[in-house]
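Engineer: Here are the chains, one letter per residue:
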Amino acid sequence: MLEIVNLSVEYSAEKSRVRALDNINLELEDRKIYTLVGPSGCGKTTLIYTIAGLLKPSQGNIYINGERVEGPSLETAVILQDFGLFPWKTVEQNVALGLVIRREDCIKIKKIVDGILDKLLLKPFARHYPGQLSGGQKQKVAIGRALVVSPSLLLMDEPFSSLDAMTRENMQGEILNLWRQNPMTILLVTHSIEEAVFLGQKVIVFSQSPGRILYVINNSGWGVRESEEYHKTVDLIRNLMRGHSR
Amino acid sequence: MKKSRCYAFALISLTITWWGISAISAPVIPSPCSAVITLAYLLENGLLIHIWASLYRILAAMFLAFFTGVPFGLLLGTEQKADDFFSFIILVLYPVPKIVFLPVFLMLLGLGDLPRILLISTIIFFHMAVTARDAGKNLPQGSVDSIKSLGGKKRDIYVHVVIPACMPQIFTSLRISLGTALSVLFFTETFATSRGIGYFIMDAWTRVDYNELFAGILGMSIIGILLFTLLDVIERCICKWKYI
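Taken in order, these protein sequences are the chains called H and A. Going by numbering that gives the first Met the number 0, the first residue of the first sequence is number 0, and it counts up by one from there. Going by numbering that gives the first Met the number 0, the first residue of the second sequence is number 0, and it counts up by one from there.
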């Protein structure tokens, strides 16, 4: 379980302090998908970075299974906005990185990486460099790199924002498939209401900067774009956000 | 146009230009033909010793500068405290023309290869260090965050991000340094030595043997081209991802 208690994060800009997150309280249950939607610049990325242990909170704490987050954890994987792939490593090497850092032995790494590449249909591109891949393929590599360490918490920061509409929907389906095969806690940040409602069992709605939680919505319409609940929830969130942006 | 054709075209036009200039300024500038014939003759009669001596000096100097300058520069680029401390020293020393220290180096280190190698590498060191430092300051933040989030420690960040990310810039600086290194090499070989292409050229000059002088110049150019090509090949191996 992920608990966020009274979390505030401030950045120091020239002579002043900018508050990015304001008093966030949140509990994420294990093996569920949460999506977080909010206007750009509302601190969504800051929240992901803080949970990942890449940023220190100014106030409050984050606990994963009761343990306070002090830095990056081996149980947490992050997929960043621009995928954060290493252009100088092949697909295979990118995916293997998490295991290489953990100093696993070569045979084990090869086996796990091959399995993941197979699952994501990336086998034919194992020796390619990221520069040779399409946006969707790069995204798959980033997902593969996150999954290779079998994380219990997967954080995604607008992972599909640079993909075209069809690739985007395919990748959203891919995430749900992977999650069904191997449920883990997922927190996905997005600025797209449709994406948030399609993927999230619970949708967290953020305010404009500094980011505060406006609503946490139980979403029965997740996973099926054609369902009535899906459209209802999309409309509901759109109206809520519109109300707050006035 | 194919690459090989481009090379041939460049070579032919350079030869024609040289030939044209030699036609009006003979005998100081011999024709390309006689320079090449003299070079071919000299390669079998003693010039190789000079080429090896020069190659050894420049390669040793480049290695030394690379393996000290690059780590030092990367350290400055990635560790703010080290940068605060050393940057000022570099700033003060960088514009000083280190080449004027040749007499000092010769007096302190004797007349062998060591002072020459050290002088070249001292000059190149600054190029390497400054480029590596700037490259280290402009790391792709996404890659650094990614590796940290995967649990990477400082060592992993250096191995998987800092070094590979900075390699292309370091190769550029190696290429630029190579030109400087060759000039300095020539200078260091004109004093107190009887080996090296630099010595050979100055010696031919004093003997007023223009053919040999130009054969020497050709020899020096060949060293330059060889090293340049070598750098290219190594870069294509190490930075494969840049050439896809």
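Rather than coming from a laboratory, the hints here were simulated on the basis of the structure. Hints are not guaranteed to be accurate.
[Unchecked claim] When the alpha-carbon atoms are kept at most 20 Å apart in a straight line, the in silico SDA-like pairs for lysine to any residue are as follows:
{"#": "1", "chain 1": "H", "residue 1": "137", "chain 2": "A", "residue 2": "139"}
{"#": "2", "chain 1": "A", "residue 1": "241", "chain 2": "H", "residue 2": "173"}
{"#": "3", "chain 1": "A", "residue 1": "241", "chain 2": "H", "residue 2": "134"}
{"#": "4", "chain 1": "A", "residue 1": "147", "chain 2": "H", "residue 2": "124"}
{"#": "5", "chain 1": "A", "residue 1": "152", "chain 2": "H", "residue 2": "101"}
{"#": "6", "chain 1": "H", "residue 1": "107", "chain 2": "A", "residue 2": "2"}
{"#": "7", "chain 1": "H", "residue 1": "118", "chain 2": "H", "residue 2": "173"}
{"#": "8", "chain 1": "A", "residue 1": "153", "chain 2": "H", "residue 2": "54"}
{"#": "9", "chain 1": "A", "residue 1": "136", "chain 2": "A", "residue 2": "86"}
{"#": "10", "chain 1": "A", "residue 1": "239", "chain 2": "H", "residue 2": "55"}
{"#": "11", "chain 1": "A", "residue 1": "241", "chain 2": "H", "residue 2": "55"}
{"#": "12", "chain 1": "H", "residue 1": "110", "chain 2": "H", "residue 2": "89"}
{"#": "13", "chain 1": "H", "residue 1": "55", "chain 2": "H", "residue 2": "86"}
{"#": "14", "chain 1": "A", "residue 1": "147", "chain 2": "H", "residue 2": "62"}
{"#": "15", "chain 1": "A", "residue 1": "239", "chain 2": "H", "residue 2": "130"}
{"#": "16", "chain 1": "A", "residue 1": "153", "chain 2": "H", "residue 2": "101"}
{"#": "17", "chain 1": "H", "residue 1": "137", "chain 2": "A", "residue 2": "140"}
{"#": "18", "chain 1": "A", "residue 1": "153", "chain 2": "H", "residue 2": "110"}
{"#": "19", "chain 1": "H", "residue 1": "137", "chain 2": "A", "residue 2": "86"}
{"#": "20", "chain 1": "A", "residue 1": "239", "chain 2": "H", "residue 2": "101"}
{"#": "21", "chain 1": "H", "residue 1": "55", "chain 2": "A", "residue 2": "153"}
[Stated by the list, open to error] To spell it out: a stretch of chain H is covered by chain A in this simulated footprint if at least three of its residues, at any positions, have a beta carbon under 8 Å from a beta carbon of chain A; those stretches are:
{"#": "22", "segment": "66 to 78"}
{"#": "23", "segment": "116 to 124"}
A virtual CB, placed ideally from N, CA and C, is assigned to each residue, including glycine.
Engineer: Are there hints from earlier that the structure breaks, and if so, what are their numbers?
Structural biologist: 2, 4, 6, 10, 11, 13, 18, 19, 20, 23
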